[in-house]
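Participant: Work out the full structure, taking the sequences as your base and the hints as a guide.
Note that the working numbering gives residue 112 to position 112 of the sequence shown, counting from 1, and the numbers run on in steps of one.
In short, the hints are calculated from the structure, not lab data.
One or more of the hints may lead you astray.
Claimed, not checked - Computed Cβ-Cβ distance ranges for the label pairs, DEER-style: (1) 276 with 37: 34 to 40 angstroms; (2) 305 with 373: 51 to 57 angstroms; (3) 243 with 346: 51 to 57 angstroms; (4) 306 with 75: 30 to 36 angstroms; (5) 265 with 188: 24 to 30 angstroms; (6) 244 with 137: 31 to 37 angstroms; (7) 301 with 25: 50 to 56 angstroms; (8) 338 with 272: 55 to 61 angstroms; (9) 273 with 37: 39 to 45 angstroms; (10) 259 with 407: 34 to 40 angstroms; (11) 404 with 307: 31 to 37 angstroms.
Claimed, not checked - Straight line, CA to CA, 27 angstroms or less: simulated DSSO-like cross-link-like pairs of lysine-lysine: (12) 162 with 320; (13) 156 with 140; (14) 116 with 3; (15) 87 with 203; (16) 141 with 162; (17) 87 with 126; (18) 411 with 399; (19) 162 with 87; (20) 203 with 116; (21) 141 with 87; (22) 318 with 162; (23) 311 with 386; (24) 156 with 203; (25) 126 with 140; (26) 3 with 162; (27) 87 with 399; (28) 320 with 386; (29) 141 with 156; (30) 87 with 140; (31) 140 with 162; (32) 116 with 126; (33) 87 with 3; (34) 87 with 318; (35) 399 with 386; (36) 141 with 116; (37) 116 with 87; (38) 156 with 126; (39) 3 with 126; (40) 386 with 411.
We put the CB at the ideal spot given by N, CA and C, even for glycine.
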Amino acid sequence: MLKALNAIRFGILSPDEIRRLSVVEIQTPETYDEDGAPISGGLMDGRLGTLEPRQRCRTCGNTSLNCPGHFGHIELAVPVIHVEFAKYIHRLLLATCRGCGRILLPDDEIAELREKLEEERSLFGKVSEEIILEVLRRAKKYKRGRQCPHCGARQKNVKFLKPTTFYEVEGEEEEGEEEEVAPEGVSQRLTPSMIREWLERIKDEDLPLLGFDPSIARPEWMVLQVLPVPPVDVRPSIILESGIRAEDDLTHKLVDIIRINQRLRENIEAGAPTLIIEDLSELLQYHVTTYFDNEVSGIPPARHRSGRPLKSLAQRLKGKEGRFRGNLSGKRVDYSARTVISPDPNLDINEVGVPVHIATRLTVPETVTERNIEEMRRLIINGPYKHPGALYIIRPDGKRVRLEFVTDREKVAAAIEPGFIVERHL
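Facilitator: Quick look at the structure:
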């Protein structure tokens, strides 16, 4: 049944939604057994999708051609900060009470700002960033050693040390929300568990003033308890010439996350010293952070054994070769080239000069006829590297012959007939 699409709404997945989307909980870092079959409960579990052409997905029953892939999930032993939300977490900690979670403003000011917000929403259908920033500006004044106007709890300033560390400090707040601070003068370090509990105390009616729609984005969801595991077709294995199976960079990072997560859970259950728990928690935070973004400032990038930095989720999206600019915008395609034009005194006014290395890459499909068959044979014999030459032959049955891998091009040239298509150099 077809439906009209009216709008797209973005939100944050809750832990329950991640579990509902998941088809399997990933519990082991192992991928394949000795026979080369995916291990159940591992990162290449058959329920996450299939890569083999003749193999059917254990979730939807489709082959790799039609299976969209399915998400799994990892239950984290301790909460972990999502690095991409750290800036917004800092804003919320500055604007809300550490005791009751209310916005650090008197009720009359909250009512005034709420009225202003509703008025703007009714007039324009959306809320501008200005009202939210005004709430944050006013609320930050109460962090300077003052009391919460609702519960009376004494407030402390919260400092953010990139990428994911938060401290409570005594004294006046200085300008700059994300200024890095040294641990000196710190009264308490805020762990992800403490931050999540703090954010859980923020009431739904206060969230619109802080820029959140509680129906699709509760603030505590920015602290991860459950990590989604992408389908196998997002991170396919490749088989090298030696027959060894090589895993994708995302799979490598997920293996690290599962191993540290298991060690952390075992130590918690065994009652290990607090120092060990804290060290393992920080290591888990590091691996989750570099899984999302391996170029974040403040921490060293995760690397292969060869020393090459791993390509994480953010690196797949960002930059010229990323999904948006490289793929979705469609600027990089086959059979086209571009250049900065410049004049040439050796060219006529109706001529265009093309460099040889471009002319040998761009091809023009030309159908073989009785009149041009000898010329086409000459181009085929020249091959892909000598201009004028050809790259491919397309037979009438649609089969393509790549001349780069043909050793006896004279024999192939003699075999062409009218009706063949030669993809010749420009």
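Participant: Any hints this thing doesn't respect? Which numbers, in order?
Facilitator: Of the numbered hints, 6, 7, 10, 14, 23, 26, 27, 28, 33, 38 do not hold.
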